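Asks: As a plain string of letters, each chain reads:
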Amino acid sequence: MSGHTPTRRAPLLTIYSVLVFIFIYLPVAVLMLYSFNRDGVGGFPPRHLTLEWYRLLFADAPIWDAVGNSLIVAAGSVALSLTLGLLAALALDRATFPGKALFRRLVLLPLILPGIITGLSLLMFAVFAGAQLSLLTVFLGHGTALISVATTELFAGLQKMDHAQEEASLDLGATPWQTFWRVTLPNLKLSLIAAGLLIFTLSMDEIAVSFFLIGRDNTLPLEIWGRLRRGITPEINAVSTLIFAVSVALIVIWYRVRTRGLGSDAQELLERLQQDA
Amino acid sequence: MSSAAANPQHQVSAAREALLELRGVAKRFGAREVLKNISLNIASGEFLTLLGESGSGKTTVLRLVAGFEQPSAGEIWMRGQRLDTLPAYKRRVNTVFQHYALFPHLSVRENVAYGLRVQKTSATEIGGRVDESLRMVKMQEFAASRPSKLSGGQQQRVALSRAIVNRPLLLLLDEPLSALDANLRKQMQSELKALQRELGITFLFVTHDQEEAMALSDRIALLRNGALEQVASPREIYAHPATAYTAQFIGQTNLLRGEILDGRAKCGALQWPTDGPSGAAIFSLRPEAIRLASDAVAPPGTARFRAALQQQFFSGASELLEVDCGGGQLLRVRIPARGPLSGEHEFVFSAAEAIRVQE
Amino acid sequence: MYSRAYKTLVSLPPLLWVGLFLLLPYALMFAHSFWAVHEGVLVHQWNLHNYVTLFSKPVYLGVLLRTMRIAASVTLCSLLLGYPLAYYLSFHARARKELLYQLVIVPLWVSYLVRGYAWKTILGSEGVLNGFMQYLHFTHAPVAFLLYSPFAVVLMLTHIYTPFVFLPIYAALEHIPRPLVEASHDLGAGSVQTFLRVILPLSIPGLLAGATFAFVLSLGDFLAPLLVGGASGTMIANVVQSLFGAAYDLPLGAAISVCILIITISLLFLSERLEKRWSFK
Chain A
0 MSGHTPTRRA
10 PLLTIYSVLV
20 FIFIYLPVAV
30 LMLYSFNRDG
40 VGGFPPRHLT
50 LEWYRLLFAD
60 APIWDAVGNS
70 LIVAAGSVAL
80 SLTLGLLAAL
90 ALDRATFPGK
100 ALFRRLVLLP
110 LILPGIITGL
120 SLLMFAVFAG
130 AQLSLLTVFL
140 GHGTALISVA
150 TTELFAGLQK
160 MDHAQEEASL
170 DLGATPWQTF
180 WRVTLPNLKL
190 SLIAAGLLIF
200 TLSMDEIAVS
210 FFLIGRDNTL
220 PLEIWGRLRR
230 GITPEINAVS
240 TLIFAVSVAL
250 IVIWYRVRTR
260 GLGSDAQELL
270 ERLQQDA
Chain B
0 MSSAAANPQH
10 QVSAAREALL
20 ELRGVAKRFG
30 AREVLKNISL
40 NIASGEFLTL
50 LGESGSGKTT
60 VLRLVAGFEQ
70 PSAGEIWMRG
80 QRLDTLPAYK
90 RRVNTVFQHY
100 ALFPHLSVRE
110 NVAYGLRVQK
120 TSATEIGGRV
130 DESLRMVKMQ
140 EFAASRPSKL
150 SGGQQQRVAL
160 SRAIVNRPLL
170 LLLDEPLSAL
180 DANLRKQMQS
190 ELKALQRELG
200 ITFLFVTHDQ
210 EEAMALSDRI
220 ALLRNGALEQ
230 VASPREIYAH
240 PATAYTAQFI
250 GQTNLLRGEI
260 LDGRAKCGAL
270 QWPTDGPSGA
280 AIFSLRPEAI
290 RLASDAVAPP
300 GTARFRAALQ
310 QQFFSGASEL
320 LEVDCGGGQL
330 LRVRIPARGP
340 LSGEHEFVFS
350 AAEAIRVQE
Chain C
0 MYSRAYKTLV
10 SLPPLLWVGL
20 FLLLPYALMF
30 AHSFWAVHEG
40 VLVHQWNLHN
50 YVTLFSKPVY
60 LGVLLRTMRI
70 AASVTLCSLL
80 LGYPLAYYLS
90 FHARARKELL
100 YQLVIVPLWV
110 SYLVRGYAWK
120 TILGSEGVLN
130 GFMQYLHFTH
140 APVAFLLYSP
150 FAVVLMLTHI
160 YTPFVFLPIY
170 AALEHIPRPL
180 VEASHDLGAG
190 SVQTFLRVIL
200 PLSIPGLLAG
210 ATFAFVLSLG
220 DFLAPLLVGG
230 ASGTMIANVV
240 QSLFGAAYDL
250 PLGAAISVCI
260 LIITISLLFL
270 SERLEKRWSF
280 K
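Protein chains in written order, with numbering that gives the first Met the number 0: chain A, 0 to 276; chain B, 0 to 358; chain C, 0 to 280.
In case anyone wonders, no lab produced these hints; they're calculated from the structure.
In this text, all values refer to a predicted model and were calculated from it rather than measured experimentally.
Beta carbons are placed, not taken as given, at the ideal position from N, Cα and C, and that holds for glycine.
Hints should not be assumed to be uniformly reliable.
[Stated by the list, open to error] Pair ranges (Cβ atoms, derived): (1) Arg103(A) - Gly39(C): 38 to 44 Å; (2) Ala248(A) - Gly244(C): 35 to 41 Å; (3) Arg229(A) - Val58(C): 25 to 31 Å.
[Unchecked claim] Lysine-lysine pairs mimicking DSBU-like chemistry, simulated, CA-CA at most 30 Å apart: (4) Lys275(C) - Lys159(A); (5) Lys6(C) - Lys99(A); (6) Lys56(C) - Lys159(A); (7) Lys99(A) - Lys159(A); (8) Lys96(C) - Lys188(A).
Given these sequences and hints, build the entire structure.
Replies: What follows is the structure, encoded as structure tokens:
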């Protein structure tokens with residue numbers, strides 16, 4: 000039967016929850032609103048609505064260079080962490096090797112530890128290895144840190160997969176290699192897409208690790224960060240609004256992929272992280 | 000059909016003090032009508048079973064009485080007081096849940112004490128009553144255990160103990176035995192029945208298992224698509240099913256669709272005398288009502304026919320035969336076990352055993 | 000069913016990569032914490048000097064304590080906002096549940112920087128809040144203490160971590176079998192008793208997970224203080240960051256990092272233990 004216990008109306012709780020929602024959304028709403036305000040980021044009420052800041056933004060070459068850099072880093076990170084994450088998930092699912100438990104925890108550390116620790120460790124490693132800081136080091140940092148996300152997602156996908164399918168494939172005469180391409184990978188398709196989108200979003204937004212690994216070329220968050228130190232203008236509101244819009248668009252796609260049935264939920268992801276920690 | 004009025008047994012029971020009354024109760028979930036105009040009385044001390052397939056609305060009746068759902072129409076009364084307007088926690092009704100719903104963070108003892116604690120019973124009284132209640136279900140030695148450490152049968156006992164310790168006027172049991180294996184189930188059935196006698200509490204029991212319903216109940220209320228099909232004692236409902244559905248749901252039967260003409264019922268190859276009015280008719284003929292004919296001639300008031308054996312299923316004390324009485328008309332016959340049979344045989348049944356039922 | 004070659008092929012690359020790019024860097028950080036800097040040059044000499052400095056100089060301990068206080072405040076505030084919200088969604092939102100759930104999740108994936116920056120524009124002395132208050136004539140001059148204070152850091156981090164805290168609590172509440180709540184009502188407990196005796200105890204693992212997230216993530220944050228904290232809102236990670244930058248004392252910075260790491264891992268470990276104790280599967 001579908002019903003729950005008839006819960007009495009809880010007006011106070013409802014009002015409180017509405018207030019929490021306002022707290023969560025108001026800052027971003029304000030920020031968006033002031034991206035159309037001619038007179039700057041503060042003051043009340045906003046007057047003289049204008050698209051001037053967006054015009055400035057679109058003419059702002061360093062911002063778009065940074066967007067390009069971020070896209071390159073994010074795309075590279077997706078490729079790197081998905082490849083290694085897929086192998087790691089297969090290893091955790093199917094192989095036994097000494098230090099497996101340690102390996103599982105180690106992979107997840109960048110998700111659990113404060114970004115500054117991972118960022119500084121990688122910086123020390125770069126210095127130690129004599130590497131020049133550049134977009135390459137940022138890409139290696141992101142790609143490595145986000146293996147955690149790929150591994151978690153894909154491992155969950157593997158666990159949900161029916162292993163009899165692979166046995167059937169081998170039974171029907173396919174080689175392990177053919178089985179991997181024709182059975183295993185197609186089964187993981189949705190997990191791969193979901194993980195890819197997530198890694199892409201996280202890399203585009205990442206700031207704590209990039210902060211330490213960045214060379215001369217900025218990623219978008221670091222370009223904005225740099226400008227914040229010099230004083231704020233509604234142009235930053237405008238770029239933030241666009242980032243917000245793109246993030247939400249990606250989330251919608253991500254949920255579409257999710258709700259088609261495979262993969263896990265964001266909450267499951269967090270739970271698993273917690274368990275693995 | 001609602002056969003409450005057509006059923007003499009029901010009126011006898013209702014004449015006793017009615018503990019619980021459902022008056023024209025209906026329940027809708029959105030556009031779905033789950034219960035339609037249910038009127039039912041439960042007498043004090045009675046063991047009444049709500050029997051039905053899944054989706055028949057039996058659990059909904061229970062949840063309405065417990066207070067987990069509100070009726071969309073109608074009223075529920077208990078001992079002359081309106082019940083359906085009270086919240087669940089103010090009703091003197093307790094429930095044994097289908098999967099027990101034991102609190103996993105509390106020990107067995109704390110589970111049983113829960114109802115008394117929240118009602119601010121004194122500590123000394125709680126102690127005594129909890130011990131007594133655990134003793135009744137033979138679970139004293141597990142008082143300190145967590146529910147997760149118990150077997151299904153033991154959890155069942157704790158759930159029972161937790162409900163009866165509150166001395167409810169009415170105990171609701173929602174398929175309490177469905178999660179147990181067959182042997183344990185039989186044992187728990189007998190213990191439940193004994194407990195009910197000992198406590199004198201009225202039981203409203205929900206099950207989809209007709210054998211269980213027959214074994215335990217004083218009366219059975221058979222639900223079909225949210226309406227009462229028939230309410231009667233197990234013997235009555237078995238011997239005199241009111242409808243074809245009831246006849247098929249309770250026990251096994253042969254449904255014979257035929258017609259009555261001039262005092263004779265005709266159904267394929269079978270014919271027997273009957274006093275019903277002429278016209279199309281359906282009869283229910285239990286397999287055990289048919290015997291292998293021993294005499295050469297059929298005595299008056301019986302029907303005799305020749306049929307070819309198709310299948311034979313041995314089941315210990317008896318065996319079930321599937322026979323073809325000609326033209327593909329199959330009948331099931333239950334006879335005492337007597338060894339392998341084959342070929343054609345003569346069968347006989349008493350005309351009085353062919354019960355006329357409604358569609 | 001999988002051959003030795005298959006297993007080696009899938010295990011070796013991630014093992015090597017993670018060993019080289021994660022284990023080695025973390026180990027390097029650990030090693031640095033036992034080295035020293037003399038006249039701007041790193042000396043590979045093993046000693047506990049950095050840890051002694053860290054625990055003997057009040058300035059470091061002071062910042063560490065303030066960081067803990069801020070992290071604890073963030074945790075408490077996030078719980079106070081996140082728990083009732085999760086409870087509302089799980090038990091009262093009915094048909095709107097799914098939509099509202101998504102609405103809480105969305106900000107999780109929205110840029111940290113965007114959300115932090117929003118607070119900067121709101122709290123500043125030229126900011127939206129001050130403009131609003133003057134517009135309503137609550138105040139006549141801008142209120143300056145809002146931005147660049149520990150308060151602003153707590154506010155910003157609470158805003159960021161409330162959805163984080165909400166998630167595991169909501170998951171825990173959703174996992175409570177509804178028949179348990181019905182059983183409680185059935186046995187005579189009203190809503191408040193049912194909450195205190197059944198729902199709250201059964202949601203403790205989620206509550207612990209959420210609290211741990213909020214605390215650990217706040218503890219190592221260095222961006223919020225830079226953005227809205229000002230001098231009085233400096234946290235321990237800022238000290239690390241400055242030791243790696245202007246103040247150039249890598250070993251001391253590494254030692255502080257190791258301390259943060261140890262605190263983080265111990266808290267995660269402790270929380271995992273407590274969660275096990277409070278889960279009754």
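Asks: If a hint holds in the structure, say so; if it does not, say that too.
Replies: These are the hints, each one checked on the structure:
1. Distance hint check: the CB atoms of arginine 103(A) and glycine 39(C) are about 40 Å apart, consistent with the given range 38 to 44 Å.
2. In this structure the hint that alanine 248(A) and glycine 244(C) lie 35 to 41 Å apart at CB holds, the actual value being about 36 Å.
3. A hinted range of 25 to 31 Å for the beta carbons of arginine 229(A) and valine 58(C) is consistent with their spacing of about 29 Å.
4. Restraint check: the Cα-Cα separation between lysine 275(C) and lysine 159(A) comes to about 24 Å, which is no more than 30 Å; the hinted pair holds.
5. Only pairs whose Cα atoms come within 30 Å are accepted, and lysine 6(C) paired with lysine 99(A) is accepted, the gap being roughly 13 Å.
6. Straight-line distance between C-alpha atoms of lysine 56(C) and lysine 159(A) comes to about 53 Å, which puts the hinted pair past the 30 Å bound.
7. A threshold of 30 Å between alpha carbons decides the hint, and for lysine 99(A) with lysine 159(A) the separation of about 21 Å falls inside it, so the pair holds.
8. Taken as a hint, the lysine 96(C) and lysine 188(A) pair is honoured in the structure, with Cα atoms around 29 Å apart against an allowance of 30 Å.
Checked against the numbered hints above, the structure violates only hint 6.
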